[in-house]
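Number of protein chains: 2
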Amino acid sequence: MIRKPDRLNILYAQSGGVTAVINATAWAVIDAARKARGGVGRVLVGRDGIVGVLEERLIDTAKLLPADLARLKMTPAGAFGSCRFKLGTPETDPARYRRILEVLEAHAIGAFFYNGGGDSQDTAQKIAAFSRTEGYPLKVIGLPKTIDNDLYGTDFSPGYGSVAKYVATSTLEAALDVASMSATSTRVFILEVMGRHAGWIAAASALGQRRPDDPPHLILFPERPFDPEDFVARVRETVESRGYCVVVASEGIRDATGRFIAEGSGKDAFGHAQLGGVAPALAGLIGARLGYKHHFAVADYLQRAARHLASKTDLDGAIAVGRAAVRLARAGRSEVMVTLERIPGSPTGFRTGSIPLGEVANRERRLPDTFIRPDGYGVSALGRRHLAPLISGEAYPAYRSGVPDYLRLTPAEITKRLPPFVAR
Amino acid sequence: MIRKPDRLNILYAQSGGVTAVINATAWAVIDAARKARGGVGRVLVGRDGIVGVLEERLIDTAKLLPADLARLKMTPAGAFGSCRFKLGTPETDPARYRRILEVLEAHAIGAFFYNGGGDSQDTAQKIAAFSRTEGYPLKVIGLPKTIDNDLYGTDFSPGYGSVAKYVATSTLEAALDVASMSATSTRVFILEVMGRHAGWIAAASALGQRRPDDPPHLILFPERPFDPEDFVARVRETVESRGYCVVVASEGIRDATGRFIAEGSGKDAFGHAQLGGVAPALAGLIGARLGYKHHFAVADYLQRAARHLASKTDLDGAIAVGRAAVRLARAGRSEVMVTLERIPGSPTGFRTGSIPLGEVANRERRLPDTFIRPDGYGVSALGRRHLAPLISGEAYPAYRSGVPDYLRLTPAEITKRLPPFVAR
Chain A
23 MIRKPDRLNI
33 LYAQSGGVTA
43 VINATAWAVI
53 DAARKARGGV
63 GRVLVGRDGI
73 VGVLEERLID
83 TAKLLPADLA
93 RLKMTPAGAF
103 GSCRFKLGTP
113 ETDPARYRRI
123 LEVLEAHAIG
133 AFFYNGGGDS
143 QDTAQKIAAF
153 SRTEGYPLKV
163 IGLPKTIDND
173 LYGTDFSPGY
183 GSVAKYVATS
193 TLEAALDVAS
203 MSATSTRVFI
213 LEVMGRHAGW
223 IAAASALGQR
233 RPDDPPHLIL
243 FPERPFDPED
253 FVARVRETVE
263 SRGYCVVVAS
273 EGIRDATGRF
283 IAEGSGKDAF
293 GHAQLGGVAP
303 ALAGLIGARL
313 GYKHHFAVAD
323 YLQRAARHLA
333 SKTDLDGAIA
343 VGRAAVRLAR
353 AGRSEVMVTL
363 ERIPGSPTGF
373 RTGSIPLGEV
383 ANRERRLPDT
393 FIRPDGYGVS
403 ALGRRHLAPL
413 ISGEAYPAYR
423 SGVPDYLRLT
433 PAEITKRLPP
443 FVAR
Chain B
23 MIRKPDRLNI
33 LYAQSGGVTA
43 VINATAWAVI
53 DAARKARGGV
63 GRVLVGRDGI
73 VGVLEERLID
83 TAKLLPADLA
93 RLKMTPAGAF
103 GSCRFKLGTP
113 ETDPARYRRI
123 LEVLEAHAIG
133 AFFYNGGGDS
143 QDTAQKIAAF
153 SRTEGYPLKV
163 IGLPKTIDND
173 LYGTDFSPGY
183 GSVAKYVATS
193 TLEAALDVAS
203 MSATSTRVFI
213 LEVMGRHAGW
223 IAAASALGQR
233 RPDDPPHLIL
243 FPERPFDPED
253 FVARVRETVE
263 SRGYCVVVAS
273 EGIRDATGRF
283 IAEGSGKDAF
293 GHAQLGGVAP
303 ALAGLIGARL
313 GYKHHFAVAD
323 YLQRAARHLA
333 SKTDLDGAIA
343 VGRAAVRLAR
353 AGRSEVMVTL
363 ERIPGSPTGF
373 RTGSIPLGEV
383 ANRERRLPDT
393 FIRPDGYGVS
403 ALGRRHLAPL
413 ISGEAYPAYR
423 SGVPDYLRLT
433 PAEITKRLPP
443 FVAR
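Keeping their order, the protein sequence lines are chains A and B.
Residues 23 to 446 in my numbering are what the first sequence spells out, letter by letter.
Residues 23 to 446 in my numbering are what the second sequence spells out, letter by letter.
These aren't lab readings, by the way, just hints derived from the structure by calculation.
This one's a predicted model, so the numbers in the text were calculated from it and none came from an experiment.
No residue lacks a Cβ here, since even glycine has one placed at the ideal position from N, Cα and C.
One thing to keep in mind: the hints can contain errors.
Simulated restraints, written as ranges between beta carbons of each label pair [said to hold, decoys possible]: (1) B/Asp-427 - A/Glu-363: 28 to 38 Å; (2) B/Leu-404 - A/Gly-280: 46 to 56 Å; (3) B/Arg-388 - A/Arg-106: 33 to 43 Å.
30 Å max Cα-Cα, derived BS3-like pairs, lysine-lysine [what the hints assert, rightly or not]: (4) A/Lys-315 - B/Lys-108; (5) B/Lys-85 - B/Lys-438; (6) A/Lys-334 - B/Lys-57; (7) B/Lys-108 - B/Lys-438; (8) A/Lys-85 - A/Lys-438; (9) A/Lys-85 - A/Lys-57; (10) A/Lys-108 - B/Lys-315; (11) A/Lys-57 - A/Lys-334; (12) B/Lys-438 - B/Lys-57.
Work out the full structure, taking the sequences as your base and the hints as a guide.
Okay, here's the thing in structure tokens:
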């Protein structure tokens with residue numbers, strides 16, 4: 023089964039939720055490979071992540087025009103697609119693992135780059151182990167990515183800093199709006215942000231605070247059980263003392279019994295089960311118990327796609343990760359994930375490192391207790407100091423006719439060399 | 023009652039919902055007055071709009087430091103506050119009208135500037151008429167402002183262009199996100215935007231389209247009755263042909279019987295009446311009828327406070343309006359609202375004009391039929407051409423520590439000269 027190509031051909035795929043800067047990582051891989059000239063051969067990309075690898079739907083990045091590449095770097099979401107698809111293990115799903123190796127071999131791939139969160143790092147590790155068992159020479163490099171920032175082993179995950187900047191800025195802006203009008207209008211404003219298991223994104227809403235009593239007044243973390251009575255009392259107290267109250271809530275908050283607050287039980291105007299959502303639930307609670315005029319916003323995909331407000335630090339991290347992956351593969355490294363590490367003494371400086379994939383897989387990094395204010399409703403000074411560098415710097419996209427001039431790519435796939443894959 | 027000051031003293035107040043650029047209009051009034059030197063005396067500002075005028079809670083803008091003024095220009099929402107308070111008529115509420123004149127006279131005000139939407143222009147007209155009746159010499163100038171863009175007599179209202187840029191960009195970004203993942207994840211995405219009576223804001227979501235079939239695929243306007251069956255059929259058809267469907271919905275859409283779609287009838291996790299919202303209702307409809315995985319975002323205040331993504335054209339309009347008000351008052355004009363007019367032949371050029379307040383008051387400008395696509399779910403080419411200039415250009419705020427360096431003002435109020443006002 024062994025066929026060693028002269029030059030290192032790379033297959034890159036990304037998986038899971040996309041981010042504002044994941045395309046910048048893809049760009050950096052392509053750019054570093056081009057600059058390596060003799061060192062690297064082709065860079066292929068799996069369409070829609072691992073699904074495209076299984077189906078041999080591959081894109082040859084050599085076909086991308088320089089203008090497309092420049093746009094790729096500044097375009098949010100996944101220009102090559104991504105997927106929600108969890109591969110089993112080589113034991114439960116040997117056909118798919120074998121197919122992946124067949125596709126890699128058919129295109130003489132020497133290095134597989136997998137960009138994603140904890141699940142993807144786990145998949146990368148399994149592919150590496152399987153290729154070892156099968157005797158196929160393959161370098162496997164994991165690239166970190168997740169807006170949730172819950173990936174183990176890296177100081178931060180590209181994607182998070184840009185969401186954090188968006189959430190910090192949006193909270194600051196909306197709070198100014200509410201403050202302007204609270205005497206005669208809305209008293210309570212709730213912003214729902216992502217983060218099902220970890221409160222990193224919610225915590226970012228505190229980064230616009232200059233003084234401890236600046237909004238947001240209450241942050242609801244999934245790391246803390248939600249107590250409706252205590253919450254209602256604190257909202258009342260805040261409105262009575264400040265005139266208004268800004269709340270930022272993680273989508274993943276749960277009550278003391280472990281039930282998600284987002285699980286509504288109502289019916290909409292059409293008689294259908296009402297989709298829950300944390301913000302509508304909290305708004306209903308405030309309306310019923312306090313009677314204050316209230317408004318809510320749900321940031322949803324807007325927050326993770328907001329390339330127009332990307333963090334320069336985050337973008338730099340995304341690019342550094344892509345370049346480092348090429349460097350590691352060329353140096354013969356394998357079964358590691360690229361990491362980002364703070365440079366001691368430098369406020370915003372980061373460098374890349376690596377960690378064995380096996381150490382990363384299936385571990386989750388929650389917001390440390392020391393980052394949460396003792397009362398459970400805010401971010402500690404330590405937490406703010408840790409997070410602030412990640413939203414540092416602006417990195418605007420180019421605009422055309424008033425909107426960002428993003429890449430809108432429908433890339434051609436290369437000619438298939440294998441028969442179609444039929445699972446099972 | 024007549025005491026004519028040597029120089030023109032101005033009292034400025036804003037009313038109704040705030041915008042991303044209303045502070046820029048206030049800044050322009052202050053700046054133009056300062057530059058007029060001998061021509062203009064003091065510029066006072068009513069705290070929280072007309073409420074602060076009634077309560078004699080006034081700010082002397084001479085006290086603002088140059089650094090604060092520079093920040094004022096780039097800060098969203100109302101640094102001096104605004105209010106939701108509708109003054110009656112001089113017949114139904116003579117005490118308040120008399121009080122306003124007393125406050126004006128106590129501070130030797132010669133010109134009253136009122137910045138707001140249709141209601142505010144109506145109030146301005148009534149104050150002008152009352153001062154005439156009472157023999158108090160007063161110039162009254164209306165300044166246009168509304169994110170809804172439904173103000174009569176002006177080509178556009180400052181505040182709208184920035185919301186429009188935000189909605190166009192956010193729709194584009196979220197659509198790229200959904201497109202990346204739709205093969206294995208979310209198929210339908212719904213963005214709820216403001217606009218209770220007019221679809222100007224929803225229409226702006228089309229400004230990121232390059233081709234007719236680009237997202238958003240379906241726009242729901244308050245100008246068209248919402249037909250659930252037709253909507254469901256179109257969502258299905260779009261997902262089947264394109265793989266995903268992006269919907270932008272005005273908060274103000276209603277069914278054929280006139281009932282707001284936002285009026286939910288459910289209960290939340292706490293057993294309280296569920297706050298409705300158009301996006302959750304549409305999401306529930308899609309889930310129940312089509313079973314597609316769906317997500318929704320509610321932009322709420324984020325859209326009208328998004329100074330970080332302001333339209334340069336909109337900002338320029340806001341500033342032009344403030345300067346023009348000072349110019350008109352100095353020229354002895356009264357009972358007019360400043361307008362913005364397109365310069366024929368110039369794609370993005372505007373100039374100021376004026377219109378009698380009496381012609382503006384209580385008229386509402388809906389999205390013209392010719393701007394809506396014949397099928398009712400999109401914007402016509404004519405509409406896009408009309409709206410595109412309004413989102414043209416970027417006008418970024420300065421940043422500090424990763425977030426915009428907005429003004430956070432708690433301005434001191436001047437010493438009162440009158441006893442407190444007790445209504446009735």
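Hints and how they fare:
no. : hint                              : result
1   : B/Asp-427 - A/Glu-363: 28 to 38 Å : 30 Å, holds
2   : B/Leu-404 - A/Gly-280: 46 to 56 Å : 55 Å, holds
3   : B/Arg-388 - A/Arg-106: 33 to 43 Å : 41 Å, holds
4   : A/Lys-315 - B/Lys-108             : 17 Å, holds
5   : B/Lys-85 - B/Lys-438              : 16 Å, holds
6   : A/Lys-334 - B/Lys-57              : 38 Å, violated
7   : B/Lys-108 - B/Lys-438             : 24 Å, holds
8   : A/Lys-85 - A/Lys-438              : 16 Å, holds
9   : A/Lys-85 - A/Lys-57               : 16 Å, holds
10  : A/Lys-108 - B/Lys-315             : 17 Å, holds
11  : A/Lys-57 - A/Lys-334              : 23 Å, holds
12  : B/Lys-438 - B/Lys-57              : 27 Å, holds
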